[in-house]
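Student: What follows is the residue order along each chain.
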Amino acid sequence: MAQMNMIQALNSAMDIALSKDPTVVLMGEDIGYFGGVFRCTEGLQRKHGEHRVLDAPIAEGGIVATAIGMGVNGLRPVVEIQFADYIYPAFDQIVSELARLRHRSAGDFYAPITIRTPCGGGIRGGQTHSQSPEGIFTHVSGIKVVMPSNPYDAKGMLLSAIEDDDPVVFFEPKRIYNGPFDGDPDKPARPWSTHAKGEVPEGHYTVPIGKAEIVRPGNAATIITYGTMVHVAEAAAEKSGIDAEIIDVRSMAPLDVATLRASVQKTGRCVIVHEATRFGGYGAELSATVQEECFWHLEAPIQRVTGWDTPYPHAFEWEYFPGQKRIINALRAVLEA
Amino acid sequence: MAQMNMIQALNSAMDIALSKDPTVVLMGEDIGYFGGVFRCTEGLQRKHGEHRVLDAPIAEGGIVATAIGMGVNGLRPVVEIQFADYIYPAFDQIVSELARLRHRSAGDFYAPITIRTPCGGGIRGGQTHSQSPEGIFTHVSGIKVVMPSNPYDAKGMLLSAIEDDDPVVFFEPKRIYNGPFDGDPDKPARPWSTHAKGEVPEGHYTVPIGKAEIVRPGNAATIITYGTMVHVAEAAAEKSGIDAEIIDVRSMAPLDVATLRASVQKTGRCVIVHEATRFGGYGAELSATVQEECFWHLEAPIQRVTGWDTPYPHAFEWEYFPGQKRIINALRAVLEA
Amino acid sequence: MIQKSRLHIPHPPARPGDKPDFSYLQISQPGEVMRPDVNTHAMDMTDLAHSMVRVLKDDGKTTGPWNPHLEPEVLQVGLRHMMLTRAFDERMQRVQRQGKISFYVKCTGEEAVAVAQTMALLPGDMLFPSYRNQGLQVARGRKLVDLMCQCLSNTRDMCKGRQMPIMYHSKEGNLFSISGNLTTQYPQAVGWAMASAMKGEDNLAATWIGDGSTAEPDFHHALTFASVYQAPVILNVVNNQWAISTFQAFAGGTRVPFAARGLGYGIPGIRVDGNDFLAVYAVTAWAAERARTGAGPTLIEHVTYRASAHSTSDDPSRYRPKDEFEAWPLGDPITRLKQHLIQLGEWSEKQHEALEKELEKHALESWKEAITYGTMTEGPSLDPSNMFEDVFKEMPEHLKKQREQMLAEGDK
Amino acid sequence: MIQKSRLHIPHPPARPGDKPDFSYLQISQPGEVMRPDVNTHAMDMTDLAHSMVRVLKDDGKTTGPWNPHLEPEVLQVGLRHMMLTRAFDERMQRVQRQGKISFYVKCTGEEAVAVAQTMALLPGDMLFPSYRNQGLQVARGRKLVDLMCQCLSNTRDMCKGRQMPIMYHSKEGNLFSISGNLTTQYPQAVGWAMASAMKGEDNLAATWIGDGSTAEPDFHHALTFASVYQAPVILNVVNNQWAISTFQAFAGGTRVPFAARGLGYGIPGIRVDGNDFLAVYAVTAWAAERARTGAGPTLIEHVTYRASAHSTSDDPSRYRPKDEFEAWPLGDPITRLKQHLIQLGEWSEKQHEALEKELEKHALESWKEAITYGTMTEGPSLDPSNMFEDVFKEMPEHLKKQREQMLAEGDK
Ligand SMILES: Cc1ncc(C[n+]2csc(CCOP(=O)(O)OP(=O)(O)O)c2C)c(N)n1
Ligand SMILES: Cc1ncc(C[n+]2csc(CCOP(=O)(O)OP(=O)(O)O)c2C)c(N)n1
Ligand SMILES: [Mg+2]
Ligand SMILES: [Mg+2]
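Going line by line, the protein sequences match chains G, B, X and P.
Each residue of the first sequence is one higher than the one before, starting from 0 at the first, in numbering that gives the first Met the number 0.
Each residue of the second sequence is one higher than the one before, starting from 0 at the first, in numbering that gives the first Met the number 0.
Each residue of the third sequence is one higher than the one before, starting from 0 at the first, in numbering that gives the first Met the number 0.
Each residue of the fourth sequence is one higher than the one before, starting from 0 at the first, in numbering that gives the first Met the number 0.
Pairs of lysine-lysine, DSS-like flavour, derived with a Cα cap of 25 Å:
{"hint": "1", "chain 1": "B", "residue 1": "K238", "chain 2": "B", "residue 2": "K324"}
{"hint": "2", "chain 1": "P", "residue 1": "K3", "chain 2": "G", "residue 2": "K46"}
{"hint": "3", "chain 1": "P", "residue 1": "K349", "chain 2": "P", "residue 2": "K56"}
{"hint": "4", "chain 1": "B", "residue 1": "K265", "chain 2": "B", "residue 2": "K238"}
{"hint": "5", "chain 1": "X", "residue 1": "K99", "chain 2": "B", "residue 2": "K186"}
{"hint": "6", "chain 1": "P", "residue 1": "K18", "chain 2": "G", "residue 2": "K46"}
{"hint": "7", "chain 1": "B", "residue 1": "K238", "chain 2": "B", "residue 2": "K186"}
{"hint": "8", "chain 1": "X", "residue 1": "K356", "chain 2": "X", "residue 2": "K367"}
{"hint": "9", "chain 1": "P", "residue 1": "K142", "chain 2": "P", "residue 2": "K99"}
{"hint": "10", "chain 1": "G", "residue 1": "K324", "chain 2": "P", "residue 2": "K399"}
{"hint": "11", "chain 1": "P", "residue 1": "K99", "chain 2": "P", "residue 2": "K356"}
{"hint": "12", "chain 1": "X", "residue 1": "K356", "chain 2": "X", "residue 2": "K99"}
{"hint": "13", "chain 1": "P", "residue 1": "K367", "chain 2": "P", "residue 2": "K99"}
{"hint": "14", "chain 1": "P", "residue 1": "K392", "chain 2": "B", "residue 2": "K19"}
{"hint": "15", "chain 1": "P", "residue 1": "K392", "chain 2": "B", "residue 2": "K210"}
{"hint": "16", "chain 1": "X", "residue 1": "K400", "chain 2": "G", "residue 2": "K265"}
{"hint": "17", "chain 1": "X", "residue 1": "K18", "chain 2": "B", "residue 2": "K46"}
{"hint": "18", "chain 1": "G", "residue 1": "K265", "chain 2": "G", "residue 2": "K210"}
{"hint": "19", "chain 1": "P", "residue 1": "K367", "chain 2": "P", "residue 2": "K356"}
{"hint": "20", "chain 1": "P", "residue 1": "K99", "chain 2": "G", "residue 2": "K186"}
{"hint": "21", "chain 1": "B", "residue 1": "K324", "chain 2": "X", "residue 2": "K399"}
{"hint": "22", "chain 1": "G", "residue 1": "K186", "chain 2": "G", "residue 2": "K238"}
{"hint": "23", "chain 1": "B", "residue 1": "K19", "chain 2": "X", "residue 2": "K3"}
{"hint": "24", "chain 1": "B", "residue 1": "K210", "chain 2": "P", "residue 2": "K399"}
{"hint": "25", "chain 1": "B", "residue 1": "K324", "chain 2": "X", "residue 2": "K400"}
{"hint": "26", "chain 1": "B", "residue 1": "K210", "chain 2": "P", "residue 2": "K400"}
{"hint": "27", "chain 1": "G", "residue 1": "K210", "chain 2": "X", "residue 2": "K399"}
{"hint": "28", "chain 1": "P", "residue 1": "K400", "chain 2": "B", "residue 2": "K265"}
{"hint": "29", "chain 1": "X", "residue 1": "K3", "chain 2": "B", "residue 2": "K46"}
{"hint": "30", "chain 1": "G", "residue 1": "K19", "chain 2": "X", "residue 2": "K392"}
{"hint": "31", "chain 1": "G", "residue 1": "K324", "chain 2": "P", "residue 2": "K400"}
{"hint": "32", "chain 1": "G", "residue 1": "K210", "chain 2": "X", "residue 2": "K392"}
{"hint": "33", "chain 1": "P", "residue 1": "K142", "chain 2": "P", "residue 2": "K170"}
Pulled a few chain G residues facing chain P out of the computed Cβ check, cut under 8 Å:
{"hint": "34", "residue": "P56"}
{"hint": "35", "residue": "P88"}
{"hint": "36", "residue": "G124"}
Note that these hints are calculated values from the structure, not bench results.
Where a beta carbon is used, it is the ideal one built from N, C-alpha and C, also for glycine.
Take these sequences, add in the hints, and give me the full structure.
Tutor: Printed below as a string of structure tokens:
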């Protein structure tokens, strides 16, 4: 086993995929010679050649569209959208084409594409480098949507995504690329080497898509969350002393309903946490599902702790970010109800 | 008062807006000389001139982008996207630009645009002429999202939308352009003249954005719905004999939480109905909100009746469509729980 | 305020009631345009984008360097494909009017584009069509009955009832799935071609859109990527003058021909008489050779006219003169190839009439067979629960649950 | 498999360790390019897109038909604006390194584009900038302290803390809000210009993007709509050779100049020496006259070089030779204008040094003033709850509720 941060884990996954399967190709803005603005593809063009690790024009829609064509022609493209905030120019190709191709052609054509993109805030990126648009994609039938919260899952899930014959939108919470973040920006940064999930096998392994993970067992309440917020929720549970069970959803679509159901049926109380804006967000789906599955077990209203319904503001990042305090307040609310 | 179908009501609203306010302009594919593929702008170019009712290139993103520029330069554009299924090429301009301009410029710039677009199924349009993507837009902070269910509201809300200084995405359920539809495709079509809301004042009036309407009072359960499904829900309630209260949401964002809360606190039971796919859809937000607001009054799990999580299939339209039977089953489920 | 407007608004040459007027159309004389070497740099053949490649003269004879010198048998096959395409269109329009299918789109007057191009390409080349290129299906040997079953969404529909009529595809025929969204297939074709080059294979990709569709952003994506990576792709713009009710000037096609769009990206643009079977064949073969020899992409603008309504939902008499097609200066592609063959002594009016009858009959018989596999209202039908399949490769839990619910509840 | 790849992959002329090589760059002699009448049709001046308009010679003298014959006082103002822009950049880079602001983007080497263009336009013209056109702000008279307050997100920030540094705007200065999303402002500028024409007003719109950004679909939207409606707009491509680490060939700029993109849409394209203040001024004035007389849009490619890193988050030594700028054949725009003024006898090295010092001092003093309005860590600060304002014109219920919750709960 090796110590890896999330960037290294993702890099290792792509390196293995490129080595193992000659049809795997990477494409994206600045990912080739330079190795990507977050360095996730560092060294891969040097190792695998510029015909397999392609720098691309700045046209997210064109990148996804050409990747679809490559996918149909037997390749397995892994594309990078430099920031999730810039995925919208590719939205039509993802929603109208990539997600529907297999269905509309009755299985005759499909494009096994992985779309990697860094998301989330906490890096002073303002409104165009901080968004969490995962909820929008979960509403689109025909694509899988995932977000790992640690290096081990990042590598294992990226390999699953690449090997999957369905399209996968793979969100990477950039705030935790280099280390887990507990929501307190004033604390010194922690590296992944201090975290158990920073231990990552060097070889090939997969973490399945469609399975949530209980990252902290507990009995008093269930926190359902994913990405950066997993770590913030852990810190909040610790600090509050509340015996909260924390579920890392990991796979937003398809969703592992069984794990959610079992937990909330046990605890009877549920807090949902995500960075994305609240209204119409993925937390609503989680809430609706939990309510449908666990109605008779619920002892308090499900709480949503989320980003506010505003664009992500540059200066007020920490007032915007759903930090420990808000999670603790929500936990108290479900316990005291 | 006149008898109008929804097309005529929308046409009347635009005619009045063009007459009243010299800054109002219309733009869209085939909307000028031809009057639109659904005839909503029929006669308006002839009356108001080709400099105010513009035919446009087939580029939804370009239409919205140029409309933003016009809006910033003092005009009040009303654009038509020919089908909601074709709004995705404009998604980036709507989400990244239109929705955020006022906020990012601290109020110094804004674009008071209305985006009209026909949505929903029931017309044998298959996967690319039947979609209901409203849920996606409700997750975007900074735009209002509405969908009227009858000619009276269509005209009054379109005038509100045009006069609103915020951007509004205005969904028009095309299945009921010509008459209310109760979900039974085998019944002869009914015209709007048989419906009270087909009575429409000829002059100017508005129906406010942000207010839901109780279209059928009742005590046994609450059905929350909008668009075409209002009429299907009414027929289902009638047929089932259940004393259901039906709320026409009309304004998806902002949402009239007070009306929902009052009803469900009264009935204790809630069914949410929409045509859009279920997972991650707007029904999830409605469910989460109702659960948060009415938890202590709920006597049964909230049910969602929606389109299935597949692309809209051409041949199996009526198996896909959430018809009366499914609504009645859901009503029975909440009552029997 | 808007009284003072100085905005330029494009206009078609004629509206209902006006006399048709095609004086805006730049037409070269047959044989007039040079045929450069396929390795010529785009900038050294800009005239190809502004003039018009034509081979067939008014008298049915051929002329000039673009003459592809095809054997009469090949021309007869081409004629047959075009006539079969037309017979198919006529039959389908009729059954749509009878309410047997929900929707249809004809390609009348544009048959040469799809048919000649398919014949100039190889079976391994991948075609990414729009909805108005049924000639590709016909020329690639797809059976009418298969196409009809798609339009019927019946038990033999290759789309399993999931798509509207005319959205055919064929995996073995290398005919890509058609999308209802305009232009999306254009950059996909470029990606397919890039993959072909990456794999060191010889197959090229070809794709088609209409004049109006050039305004969509995927047009720009396709040209940019094709130019940057020199993809072996043929990008076709079928300029039939109209996009539903909108004259092609609203896509900017009268100011500068669509073929010239390529030049700004360093992609050669060729403007061709789209109703001249020989000219279309020749420019396609030229572009194919370019692509196959690694010389890169080509943009071809086919100048033609949409003789029918946009679709069965459209009434063109609301926006253009009823007799516009009669005044169309480039004629009818079938008539022109017929005359050429007659002039060669390889065809006769009698043979033509007989073939017309035969193909009509074939279309009718195909229809009769197709409906035995089910119609919208009668006969065998697909199991609706198949709609839950192929959303993903394997059906996830929530879809299994929804399928069960549907089966348990029944419809409506 | 991919060993056999025949895909074309563009390359920059030099990578770290290599000798800089600008032999790929087509450069015309100063004075060589003709100046057509502003009403000339795009197709009759295609050479403008392929050559390079230049006025300043190596000896600091001017030549040719594009000489704008500006008064020395005007040139001195231009020089001052460029020098102030550079002094501002230097100061901001320094304070970013000190951790006082979170991010910064310099425009070193590209100052002539923004400054000369602003000076050639009228105050009523609306400017739609990208993030690397701070010269527009300076030349339009925005105070450094105002720009600095934006970068500080402090109590005087015109964005109220909502945007990252460098995303300035000014309503009264007709400087549109800058977006972090590339190219989105391009078709917006066209829409603004269309509205100007619709209202019968004389103001034009001008907008800027980089070479890499031309690949985005909004580039195509802008060109299509500008062409169809003949909008009074100036579309600028600032080709500084690099898009972060990506050489401009990946946007297709070496195959055919970006200026030529316009020609395929019937929009005149002009390629200009972007480091030649006089040439930039002249082509802008020409395009402005075109727009104002109703002759339509113009696309201008400014050939320049990004002398600094992409941003303070970037390290260009990873992807290009460290000394590339030194080998850049078009020099430094400030040095070149300075030499011209000296040659005219209207400036001296001494005056230049004095002005440099004065502007450095001005930048420093502006900074000192700016921080009195607050920094990221000290002094007065904005009320965070303002983030709930301006999402809509009036705050809806749910935002009022969320604001209350935030105020009640406190942060973190
Ligand atoms: C993205 C998108 N926008 C709008 C439409 C609606 N639409 C269907 S066909 C059409 C006209 C296309 O015209 P053209 O490209 O010239 O092709 P033609 O029909 O003439 O063959 C339009 C606007 C669509 N299908 N997709
Ligand atoms: C839609 C979008 N995609 C990607 C980015 C990330 N990005 C920011 S600047 C940049 C390079 C732009 O290069 P160019 O257009 O040449 O402008 P320059 O920085 O050279 O002035 C990229 C890729 C973005 N901001 N927006
Ligand atoms: Mg057309
Ligand atoms: Mg650049």
